[in-house]
Amino acid sequence: MSEEALERIAENILKRSTHLDLSRCSLTVLPPELLECVWLTELDISGNWDLDDLSPLAALSNLQTLDCGITSISDLSPLATLGNLQTLKCVGTNISDLSPLAALSNLQTLNCSSTTISDLSPLAALNNLQKLECWNTTISDLSPLAALSNLQTLNCSQTSTSDLSPLVALSNLQTLRCNSTAINDISPLAALSNLQTLNCSDTTISDLSPLAALSNLQTLECWYTNISDLSPLAALSNLQTLYCRHTNISDLSPLAALSNLQIFDCSDTNITDLRPLRRLIQQGIPVKWETDFSDDPSIFVEDCPLICPPPEIARDSPEAVRDYFDELSTDGQPLNEVKVLFLGEASAGKTSLVKRLRGLALDPKESQTHGIRICPVPFTMDDGGQVLAHCWDFGGQEVMHATHQFFLSERSIYVLLLNARNDDQAEKWLKHAESFGGLSPVLVVLNKIDENPSFQLECKTLQAKYPQIVGFYRLSCAIGYEPELQAFTSALRTAIVSSATRRTPFPSTWLAVKNHFVEMTEDYIDTSAYQTIAARYGVTKPLSQTVLLQFLHDLGVVINFRHLACFDTHILNPLWLTNGVYRVINSTVLAEQLGVLNEADLTAIINDSRYQEPADARQFVYPPNKLLYIVRVMQEFELRFMLKPQTYCVPQLLRAEPTAAIPDDWALQFVCDFRQFLPSSVFPRLMVKLHDYIDGPHYWRSGMLLAKPLVFAARALVRWDKEERKIWVSVSGEERRRFLSFIRATLREIVGDFAKLAYEELVPIPECDGFEDYDYLVTAEQAGEQEVFIKALKKRVKIADLLDGVEEPSRRNADLQLPVNAFVSYAHADLEHLKTLHKALAPLIRLESLTLWDDRCIDAGSEWLPEIKLQLQQADVVLCLVSPDFVGSDFCYLEEFTVALAAHQRQEQVVVPICLRATDWDGLPLAAIQGFPTEWIMSAADKDAAWVQVSRALRPVLDKVRARKVLEKNKG
59 MSEEALERIA ENILKRSTHL DLSRCSLTVL PPELLECVWL TELDISGNWD LDDLSPLAAL
119 SNLQTLDCGI TSISDLSPLA TLGNLQTLKC VGTNISDLSP LAALSNLQTL NCSSTTISDL
179 SPLAALNNLQ KLECWNTTIS DLSPLAALSN LQTLNCSQTS TSDLSPLVAL SNLQTLRCNS
239 TAINDISPLA ALSNLQTLNC SDTTISDLSP LAALSNLQTL ECWYTNISDL SPLAALSNLQ
299 TLYCRHTNIS DLSPLAALSN LQIFDCSDTN ITDLRPLRRL IQQGIPVKWE TDFSDDPSIF
359 VEDCPLICPP PEIARDSPEA VRDYFDELST DGQPLNEVKV LFLGEASAGK TSLVKRLRGL
419 ALDPKESQTH GIRICPVPFT MDDGGQVLAH CWDFGGQEVM HATHQFFLSE RSIYVLLLNA
479 RNDDQAEKWL KHAESFGGLS PVLVVLNKID ENPSFQLECK TLQAKYPQIV GFYRLSCAIG
539 YEPELQAFTS ALRTAIVSSA TRRTPFPSTW LAVKNHFVEM TEDYIDTSAY QTIAARYGVT
599 KPLSQTVLLQ FLHDLGVVIN FRHLACFDTH ILNPLWLTNG VYRVINSTVL AEQLGVLNEA
659 DLTAIINDSR YQEPADARQF VYPPNKLLYI VRVMQEFELR FMLKPQTYCV PQLLRAEPTA
719 AIPDDWALQF VCDFRQFLPS SVFPRLMVKL HDYIDGPHYW RSGMLLAKPL VFAARALVRW
779 DKEERKIWVS VSGEERRRFL SFIRATLREI VGDFAKLAYE ELVPIPECDG FEDYDYLVTA
839 EQAGEQEVFI KALKKRVKIA DLLDGVEEPS RRNADLQLPV NAFVSYAHAD LEHLKTLHKA
899 LAPLIRLESL TLWDDRCIDA GSEWLPEIKL QLQQADVVLC LVSPDFVGSD FCYLEEFTVA
959 LAAHQRQEQV VVPICLRATD WDGLPLAAIQ GFPTEWIMSA ADKDAAWVQV SRALRPVLDK
1019 VRARKVLEKN KG
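If you're matching positions, the sequence shown starts at 59 in my numbering and goes up one per residue.
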């Protein structure tokens, strides 16, 4: 018998309280002492899993409320004589029969959810019943409820109910939840004028017309249904909450007058235009890309094919959306411009096709494109208006493919040219376009059919595999193939006219700024000049200027790299930049030096006479003071890394083989298998990201040896198998699993930049040369499986043994991978040391879910002080880069550290001083907190070792923070 239960009963007898709580007391039977409590009106015995008999309750005639949920009871007969019972909760029990309740005429509330009941007939005469919850049961017939005129709340969700007709006369019904049932018709609800809440989600209903007159309706959930028309809701002025995600709706006009709407979710629908909700947006209801399921006023639009506002703006922030609509006013116009990207191997005929689209003659001696050419081509719409297609002609040489990721986007149309003479790489280029452009439309051109008329592709197979293909077009740019060229031009025009980008409404002020930069003659300008130009045309809000600049960047009108803020060259002509980068990549000097780039060679490389434009074309000027910017952009592209001051390495141009013997005594092999497509830029970018870990001169075009003993007690060999589309990782050493996880996390960062790029991680199987899919093993483990059959071994192997061989078990524990947010407080004099901190903490960022925030993360145009205060408040850890400048800074010490110290003392945050540069801090509160490392970093003989101390010291701090988060989560 539970001692706790007996104590509670004894106390009740002493006080003669009408309420008794015996929940979760581990009762198996009801104590006899309970029979003495005849005065009880409320009794809670829920959560006693092994309790299966209610017989002792038969004598408690005054009982009005009983909660016996989450128990093992199966028989309600002992309650049959409790005539005063008003509320009964038996949710999550074994009951299957409600007959004992048939005579309880005073019953007002019944919750029999998550039971095995299938028949509501015993409730037919309970006229006082006001609330019935019978969700997650096997009931299918609501007829017994037809006469319960006082019923106000009914939850029959997750049942076999298919007919709501029995509810037609329940005029007092206010709340109905019939989600996840078999209903397909809500007509019986048409006269329920008091209905305030309806959840009919996850059903097959397609028509909301029966709700048109329900003027008291406040909440409607109809997500995951077949509805396509919201017109019936147009007059429901009291509607406050509407969930219709994952439906077929495409028009929000019916909601335009619903001024009381506070929460609206249209995620994963066909909604393109939020203008009908403009009034709500301008009143302050935020538009959010990701659904957070909070009760705060919000408009959720995740995965909608938005045109107004553009998805880039919707993803940016609620403030960006509000500013967009403020700027849009009433004179917005369609953008009527589209980015068309021409891809294909060198000599595929891209330049010739663009020329023919422009009405120019074919030049048989057309030279190869070195870099990018951007040509405007006008297309006429049916209404006589014009759309301007910005045709981007990319150089096809493979060494140039690495830069495609920065110009190829989802807001584009792709034209893929295959050379009928010798091009059999259709799938390679389709994967290339898909990885960057997602489901953007692709027109496949089989070019030069005059030279190979029999050239064919398996069009149906390819179109089934790549549904974004608009069509296949056999043509030649030669004279005599005008009909074929016209057919392609017509198809391209159709794709352009229907493009979402073309239809995007642009504020007139934004259009004016855009047009200015389209005609920009300068090769580059700084941010302040851009802001002046934007303000001249009426775009004065800092956030609007920032959002517009990013949009112009996405359109390819200008190029803007926010991360290169230390340069005064921010806004660039894309041709100036890309041709500069391509001149470096294609340099004979760089090729002869096997990928080694010296700053002293830049002038000769950039001004190579091979790249002089024709006399009638625009000439690009690269002054000496801008050459380093080109190099920094290559770093942004992850095209190069620094070998030593003023000397860089471009991985794609390295020697093909290693110059020294590579160890082959590896304890662990791991494979990243890209199967169908591995972009040629992935491995070079991986080398750039991991260059700090490269072991001396051991790196070549397709491989690198990694070792950094101060950080990882392990070494690794990473190899790229281009033909097999695999990246092999071989690891040895005490911390081989941790080092492997670090390399895998780095690769995931790169793959995450692609719109659609899949790969499998393969786990080695001991005792044989086989591998098993990592995701499959993790999924099986999460499903409770302990072993997996390995065909090569002809036996079952423990899943944990396979997974634990390649990673620490904690990597698969969600609680141990909870993200930790760190705020970095630093003096601007220590900016370079801040950058070093980011590098030093890379293992924690990639392996321990650590996120670093500092004031460089603030977007231009944002109010910096509120943002700093918000990030400081939300941080789990505050890292203070301690130096004389930090201690001397009123803002760092008084505004940031003082606030963090108070939170630290309340155990809400952890403050960690990082001892950067020696300063006299004795007696300051900051000095009383344990800092790292044990000596000042800049005074240390081995600064790398000092930074590693910081990283290692933070690991237990992160564990402590995560433990607190888990505790808070479990309490919640």
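One thing to keep in mind: the hints can contain errors.
[Stated by the list, open to error] Straight-line distance between alpha carbons at most 25 angstroms, and here's what the computed DMTMM-like set of lysine to aspartate or glutamate pairs gives: (1) 927 / 831; (2) 784 / 843; (3) 523 / 508; (4) 766 / 750; (5) 73 / 61; (6) 684 / 403; (7) 523 / 811; (8) 849 / 873; (9) 523 / 750.
These are computed hints drawn from the structure, not numbers from a lab.
Each hint, compared with the structure:
| no. | hint | verdict |
| --- | --- | --- |
| 1 | 927 / 831 | violated (45 angstroms) |
| 2 | 784 / 843 | violated (29 angstroms) |
| 3 | 523 / 508 | violated (28 angstroms) |
| 4 | 766 / 750 | holds (8 angstroms) |
| 5 | 73 / 61 | holds (18 angstroms) |
| 6 | 684 / 403 | violated (31 angstroms) |
| 7 | 523 / 811 | holds (22 angstroms) |
| 8 | 849 / 873 | violated (34 angstroms) |
| 9 | 523 / 750 | violated (40 angstroms) |
When each numbered hint is compared with the structure, violations occur for hints 1, 2, 3, 6, 8, 9.
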